[in-house]
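Participant: Chain by chain, the residues:
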Amino acid sequence: MKIREDKIDEFALLEVSGRVDSENAETLRKYLMELGGREQRILIDCTGMDYISSTGLGALLMLLKLIQKKGGTLKLFGLSPRIAEVFGISGFDKFFPIFPDLDAARRADA
Amino acid sequence: MKIREDKIDEFALLEVSGRVDSENAETLRKYLMELGGREQRILIDCTGMDYISSTGLGALLMLLKLIQKKGGTLKLFGLSPRIAEVFGISGFDKFFPIFPDLDAARRADA
Amino acid sequence: MKADETLVLKLDNSLAALAQLHAAVGEFCRRRAIHPDIEFKIDLALEEVFTNIVRHGYDDSDPHEIVVRLHGSRERIRIRIEDDGRHFNPLLAPAVDLNAALSERRVGGLGVHLVRRLMDQVRYRRQADGNQLTLVKRLAGKEKLT
Amino acid sequence: MKADETLVLKLDNSLAALAQLHAAVGEFCRRRAIHPDIEFKIDLALEEVFTNIVRHGYDDSDPHEIVVRLHGSRERIRIRIEDDGRHFNPLLAPAVDLNAALSERRVGGLGVHLVRRLMDQVRYRRQADGNQLTLVKRLAGKEKLT
Ligand SMILES: Nc1ncnc2c1ncn2[C@@H]1O[C@H](COP(=O)(O)OP(=O)(O)O)[C@@H](O)[C@H]1O
Ligand SMILES: Nc1ncnc2c1ncn2[C@@H]1O[C@H](COP(=O)(O)OP(=O)(O)O)[C@@H](O)[C@H]1O
Chain A
1 MKIREDKIDE
11 FALLEVSGRV
21 DSENAETLRK
31 YLMELGGREQ
41 RILIDCTGMD
51 YISSTGLGAL
61 LMLLKLIQKK
71 GGTLKLFGLS
81 PRIAEVFGIS
91 GFDKFFPIFP
101 DLDAARRADA
Chain B
1 MKIREDKIDE
11 FALLEVSGRV
21 DSENAETLRK
31 YLMELGGREQ
41 RILIDCTGMD
51 YISSTGLGAL
61 LMLLKLIQKK
71 GGTLKLFGLS
81 PRIAEVFGIS
91 GFDKFFPIFP
101 DLDAARRADA
Chain C
1 MKADETLVLK
11 LDNSLAALAQ
21 LHAAVGEFCR
31 RRAIHPDIEF
41 KIDLALEEVF
51 TNIVRHGYDD
61 SDPHEIVVRL
71 HGSRERIRIR
81 IEDDGRHFNP
91 LLAPAVDLNA
101 ALSERRVGGL
111 GVHLVRRLMD
121 QVRYRRQADG
131 NQLTLVKRLA
141 GKEKLT
Chain D
1 MKADETLVLK
11 LDNSLAALAQ
21 LHAAVGEFCR
31 RRAIHPDIEF
41 KIDLALEEVF
51 TNIVRHGYDD
61 SDPHEIVVRL
71 HGSRERIRIR
81 IEDDGRHFNP
91 LLAPAVDLNA
101 ALSERRVGGL
111 GVHLVRRLMD
121 QVRYRRQADG
131 NQLTLVKRLA
141 GKEKLT
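Protein chains in written order, with the working numbering: chain A, 1 to 110; chain B, 1 to 110; chain C, 1 to 146; chain D, 1 to 146.
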């Protein structure tokens with residue numbers, strides 16, 4: 001797993017790539033909590049995400065809850081069909097605003 | 001671009017990966033025409049497809065027309081969000097049955 | 001088509017063994033020319049089962065062995081996981097309520113749900129000294145087993 | 001943030017030059033830390049324009065030079081393509097009918113449509129001896145230019 005942070009427009013842009021498994025999801029969770037604490041508008045780029053298991057999904061859900069409580073925005077984009085299917089099976093697709101790519105994510109109102 | 005053919009259940013399974021550009025789309029077109037001539041039920045695995053331009057899209061449309069004329073089946077799966085967006089912009093998403101992954105594609109009626 | 005084949009893995013009850021599990025599944029699937037979409041699902045289901053045993057299976061802090069058997073045939077992959085932890089039948093675990101609102105969804109509790117949805121069949125057998133869980137993923141044929 | 005930068009490419013009117021075009025766009029975008037989603041769209045739009053010039057622009061079989069200028073600023077990438085081929089304004093090309101039935105859709109005729117949809121702005125200038133097409137892709141800011 002690799003995490004890389006950038007800025008675009010008024011968003012914090014977080015790229016999470018590689019394998020997010022139960023061994024490294026704790027690293028992701030800590031990063032997301034810290035990010036959620038200081039940022040109000042967040043985009044997560046999942047283009048390079050090859051794999052995610054339930055612990056990583058849980059970390060994302062925790063961030064979403066945190067951001068919504070703050071009245072902020074969290075959007076995901078670039079989910080491969082496999083990752084999108086895992087989101088679907090988990091019922092997460094109705095909680096997270098999911099977009100095909102960066103342009104679509106940053107331009108959408110939400 | 002790489003083309004690889006396999007069999008699964010009653011389907012011919014064609015994996016098209018890498019970059020499909022106007023330079024190599026002619027190779028794809030020839031392959032698809034030959035495939036469409038001899039097969040009735042075809043799955044195309046786009047998981048590894050990084051790029052496709054209009055000439056490649058045209059080759060796929062040609063195959064779809066051929067297969068539908070024969071009363072056969074053509075299904076695509078594994079489109080990355082970028083590729084899916086190109087299909088969407090082209091209006092091809094309403095012509096091609098598109099599935100997230102192999103399991104979904106082979107099990108769906110069509 | 002490849003002959004039947006069984007691969008036996010003996011793993012420590014530690015999340016550090018996940019890398020080993022993943023590598024073995026990858027090799028097994030590539031050798032048998034299993035489609036990467038199927039490998040992805042096997043990989044994920046197996047991680048969920050394994051992680052649950054490591055996290056929830058034991059009261060002590062002793063080392064334990066978790067045995068994973070991958071059996072490949074033309075028609076299916078069968079995965080059998082045996083542990084000597086606390087008795088737990090995931091088929092009896094309460095289902096995730098996919099209609100719940102965000103505020104009602106807890107962080108966690110997805111593992112068993114994913115396993116059931118990713119595999120074609122899940123069987124549980126209670127053993128004197130632990131659990132045996134069998135996962136089946138079909139490689140050929142349409143029907144979803146249950 | 002990176003300083004403004006212009007890259008000029010002089011290409012043969014041959015599909016074989018696509019590899020060179022693609023490599024140059026890739027390098028330019030990586031050097032400027034352009035997001036791969038944006039690179040993908042620039043790559044695709046530019047291929048469509050270039051391929052059209054090669055395929056439809058010339059009556060003769062003489063070699064011609066097609067000049068592509070990539071200009072990067074903080075706010076946008078501007079791509080200017082100049083050729084000495086037949087006059088053609090893609091902004092006047094008939095739109096693709098996305099509601100047409102499959103039987104009415106022809107194989108081809110998508111290139112110009114893709115360019116217009118992938119870019120934020122497309123401008124055409126007829127020149128004495130050819131065409132100048134300018135594509136703009138915004139890097140920052142919400143609004144879709146037109
Ligand atoms: N191998 C196991 N042994 C004992 N209890 C288990 C085991 N696997 C799962 N459980 C129980 O089932 C619950 C649900 O598991 P799961 O769906 O994987 O979610 P999570 O592990 O995130 O809580 C766990 O919280 C745990 O109480
Ligand atoms: N550079 C050009 N010079 C002349 N004619 C062009 C040029 N680009 C496009 N055209 C014309 O516009 C039509 C539509 O182009 P396009 O949408 O790219 O589809 P296609 O090239 O597949 O036909 C072409 O068929 C051609 O007649």
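The hints are simulated quantities; they were obtained by calculation from the structure and are not laboratory data. Take these hints with a grain of salt, some might be off.
Taking lysine-lysine and the DSS-like style, the derived pairs with C-alpha atoms no more than 30 Å apart in a straight line are [stated by the list, open to error]:
#1 A/Lys75 - D/Lys10
#2 D/Lys2 - A/Lys7
#3 B/Lys7 - A/Lys75
#4 C/Lys10 - B/Lys7
#5 B/Lys7 - B/Lys75
Participant: Next step is simple, just say for each hint if it's right about the structure.
Facilitator: Taking the hints in turn, this is what the structure says about them:
1. A/Lys75 - D/Lys10: Violated: A/Lys75 and D/Lys10 sit about 40 Å apart, past 30 Å.
2. D/Lys2 - A/Lys7: 14 Å, holds
3. B/Lys7 - A/Lys75: Roughly 39 Å separates the two Cα atoms, so the pair is violated.
4. C/Lys10 - B/Lys7: 34 Å, violated
5. B/Lys7 - B/Lys75: Roughly 14 Å between the alpha carbons, so the hint for B/Lys7 and B/Lys75 holds.
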